[in-house]
Amino acid sequence: MRDGMTLVVDLRSGSIHTKKDEGEREYIGGGLGAYMLNKRIKGDVDAMGPENVLVITSGPFAGMPIPAASGIGIFSKSPLTGYFGEDYLFGAFGNQMSRAGYASIIIKGVSERPVYLYIDDGVCTIKRADELLGLSPWKTEEKIREAMNDRSLGVISIGQAGENKVRYATIYGDFQYSGCGLGAVMGSKRLKAIAIKGSNDLRPKDPTTILEMYKMLSKKMEESFVDDLDWAYDARDKLPANNFKGVSSDSDVKKLIGGLKERELKKVSFQHCPVACKTLCQSDGIISPITIGGISIGLLNGIYDPDTVIKAEHLCYTLGLDPRSVAVVAAFANELKEREDDIGFDMGFGKKEELLKFIEVISKGKSIFSEGIKAAAKKFGAEDSAMHSKGAELSIDTFTDENIAFGTAISHSGSYQGGEDYDTSNLLKMMMVYPKAYEAYSKEDLYRLYAAVGGETDRERLGEMKDKINDIKREFNIRQGWKMDDDTLPQRIMKNFSGEEAFLQKRLDYYRSMGWDEEGSKGERE
Amino acid sequence: MVKFIFSDTDRCTGCGLCEIICSWHKEGVFNPLKSRIRTVRLGFADIAAACRMCENPPCVPQCPSRALTQREDGVIEVDEERCDGCGWCAEVCPYGAINIHPKKTALICDMCGGDPECVKACPTDALILVNQEEIPKYLRKDLMEIKLGDI
Chain F
1 MRDGMTLVVD LRSGSIHTKK DEGEREYIGG GLGAYMLNKR IKGDVDAMGP
51 ENVLVITSGP FAGMPIPAAS GIGIFSKSPL TGYFGEDYLF GAFGNQMSRA
101 GYASIIIKGV SERPVYLYID DGVCTIKRAD ELLGLSPWKT EEKIREAMND
151 RSLGVISIGQ AGENKVRYAT IYGDFQYSGC GLGAVMGSKR LKAIAIKGSN
201 DLRPKDPTTI LEMYKMLSKK MEESFVDDLD WAYDARDKLP ANNFKGVSSD
251 SDVKKLIGGL KERELKKVSF QHCPVACKTL CQSDGIISPI TIGGISIGLL
301 NGIYDPDTVI KAEHLCYTLG LDPRSVAVVA AFANELKERE DDIGFDMGFG
351 KKEELLKFIE VISKGKSIFS EGIKAAAKKF GAEDSAMHSK GAELSIDTFT
401 DENIAFGTAI SHSGSYQGGE DYDTSNLLKM MMVYPKAYEA YSKEDLYRLY
451 AAVGGETDRE RLGEMKDKIN DIKREFNIRQ GWKMDDDTLP QRIMKNFSGE
501 EAFLQKRLDY YRSMGWDEEG SKGERE
Chain H
1 MVKFIFSDTD RCTGCGLCEI ICSWHKEGVF NPLKSRIRTV RLGFADIAAA
51 CRMCENPPCV PQCPSRALTQ REDGVIEVDE ERCDGCGWCA EVCPYGAINI
101 HPKKTALICD MCGGDPECVK ACPTDALILV NQEEIPKYLR KDLMEIKLGD
151 I
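As you go down the protein sequences, you meet chains F and H in turn. This note's numbering numbers the first residue of the first sequence as 1 and each following residue consecutively. This note's numbering numbers the first residue of the second sequence as 1 and each following residue consecutively.
Next comes chain F alone, as it looks inside the complex (with noise of 0.2 Å):
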């Protein structure tokens, strides 16, 4: 395995330099990205200020013909939450940011003027983007690959809700979108998007371990794969309903997620994903993506109708804003209509039109619902209605779920993505393999693939290394001022499973398995 590169880009003064890892060859993937940032951020900075960083690394597999594998993890201070922020993103940019050489990018400073990134290789460039400000994700990314003419750059950018930084606006590449309001964070620095491309040859130690393993592991996948409509329907007796106060009536899924499935028009996927994992959908000329935020949207606002929610999540696309987020918060804004609050918007559970216009506004980024939940339950004396874990937007799948629910709680982002066992998720999210995934890969083909690609052979200390980086990331949090109480659940949430007693059991039990004291601090253990 080669070691990767550390790029610096300091938006403020122009600089640029590449420089050796210092000291952080021990951490790869997301451990090497949440090092970076708990190394870099040491006070409680502004998470939308000069001195927040965006930090960006690429995992250990992208790059390689390992499925669903070609990641990057993307770190900051969330401006959502306040806390640790993270998500990560599949396809062209992690493979070409691998063959360029970087394990990782450091962002750092503000932007006089709105700006891209240009990395061909060895070589970056700071670029003008003031012809990309408004713009989609999906047409900036256009935009440069013809600026560049290479169709195949990797791209990651920012929508209008970035530029205006909401406080949910994502990261887009490839058909996904980043949570934890890491757009804002891009937007707060002026930097539209970043474009990559790498030409080097990769060679692994074990390269027919390697191509076996696909094999196998992409059969694994095709078998055990669920794409969120799927999902969706499969668990049409229990999803939430009018922001989590109840459930969403088998009828209505029926006709949602049906209505849906009928406007398919394709499945894509992005590179080195074996499965279609995306669904795309059509309406009145629309076309969109449609995922659990699209869903959620539909399901938490009382809409059930396809087209809607099609539209819906297209905007949520077109702005930039993360639709898992939008999906709660209004559903937040129709409880406090139905309660008769005055919020400033014409908005109710059902009501189509005025959910479309609400999306547009908060995209401004001016109303009080860009700020986040959190932000606004303080502003409205609302907080029982506020469906969120540490200023994170709830997932739907925390209402069905128990594991998700509680991988929530526990999380340091406010957002749980994986399976039922917590360790071998993380272990997913260190090598950075795709989330959904999780059915496919066991931790042994893990190790294995880290072995076959070069990487450490000692199980054992990689597991030490996981152990560490959850560590890291709650070392963070607490100097962000992180308490036990924002480990927790809203009370909808909790009473749809074992209840609050069973909670905090199981809150206890996690801290000591993961040598934390009662209060889930780290305690002393080096």
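Incorrect hints may appear among the rest.
[To be verified] Here are the simulated lysine-lysine pairs, DSBU-like style, with alpha carbons at most 35 Å apart:
# : chain 1 : residue 1 : chain 2 : residue 2
1 : F       : K108      : F       : K255
2 : F       : K139      : H       : K104
3 : F       : K468      : H       : K147
4 : H       : K147      : F       : K278
5 : F       : K108      : F       : K143
6 : F       : K20       : F       : K522
7 : F       : K267      : H       : K147
8 : F       : K261      : H       : K137
9 : F       : K267      : F       : K219
[Claimed, not checked] Using C-beta positions, here's what the derived DEER-type ranges look like:
#  : chain 1 : residue 1 : chain 2 : residue 2 : range
10 : H       : E133      : F       : G463      : 56 to 62 Å
11 : H       : S65       : F       : G49       : 57 to 63 Å
12 : H       : D10       : F       : S521      : 51 to 57 Å
13 : H       : E72       : F       : E460      : 57 to 63 Å
FYI, nobody ran anything at the bench for these hints, they're computed from the structure. This structure is a prediction, so every number in the text was calculated from the model and none was measured. Using N, Cα and C, we set each Cβ at its ideal position, and we do this for glycine too.
Please build the complex by placing chain H on the supplied structure of chain F, with the hints as guidance.
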């Protein structure tokens, strides 16, 4: 008619594994820039393009170094001694099926002797062997026109 490698737009997801596999079997590395097949997303159509072994291939007479010759089975052979990577062949190929190796030689699909590795590796069975007349059956032009939005 000669059969060549093409992708069924309905099945191809643009995963790009064919490129990686090709570079591995032909060049011994993982690098799509060294692949003889290329994937591209036009609109919403994912397409994998390899040499179509034209009846009168425009690339052959275009080559100023006379490095290209067409075999009887249709495969265009590249004489690596002669080829200097000028790229004129790639320029003139109507299907964008010729790539230039970073070390400056033309990369043209040779069908791996009749049993192409990329076809065997394609996880969605999107890669197929077709002749020129069968192309319209597998190419969804409508998907190529579609855009995600205007802003």
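Cross-check of the supplied hints:
1. Proposed proximity of K108/F and K255/F is contradicted: the alpha carbons are some 47 Å apart, above 35 Å.
2. For the proposed pair K139/F and K104/H, the alpha carbon gap of about 33 Å is at most 35 Å, so the pair holds.
3. For the hint pairing K468/F with K147/H, the CA-to-CA distance comes to about 45 Å; that exceeds 35 Å, so the pair is violated.
4. Straight-line distance between C-alpha atoms of K147/H and K278/F comes to about 16 Å, which keeps the hinted pair within the 35 Å bound.
5. At most 35 Å may separate the alpha-carbon atoms for a hinted pair to count; K108/F and K143/F meet this at roughly 25 Å.
6. Simply put, K20/F and K522/F have alpha-carbon atoms about 30 Å apart, close enough for the 35 Å limit, and the pair holds.
7. Restraint check for K267/F and K147/H: satisfied, since their Cα atoms lie roughly 15 Å apart, inside the 35 Å limit.
8. About 24 Å separates the Cα atoms of K261/F and K137/H, which keeps this hinted pair within 35 Å; it holds.
9. Straight-line distance between C-alpha atoms of K267/F and K219/F comes to about 18 Å, which keeps the hinted pair within the 35 Å bound.
10. Range check, E133/H to G463/F: Cβ separation about 58 Å, and the 56 to 62 Å hint holds.
11. Taking 57 to 63 Å as the suggested C-beta distance range, the pair S65/H and G49/F conforms, at roughly 58 Å.
12. Remark: the range hint 51 to 57 Å for D10/H to S521/F is upheld by a beta-carbon distance near 54 Å.
13. A hinted range of 57 to 63 Å holds for the C-beta pair E72/H and E460/F, which are about 60 Å apart.
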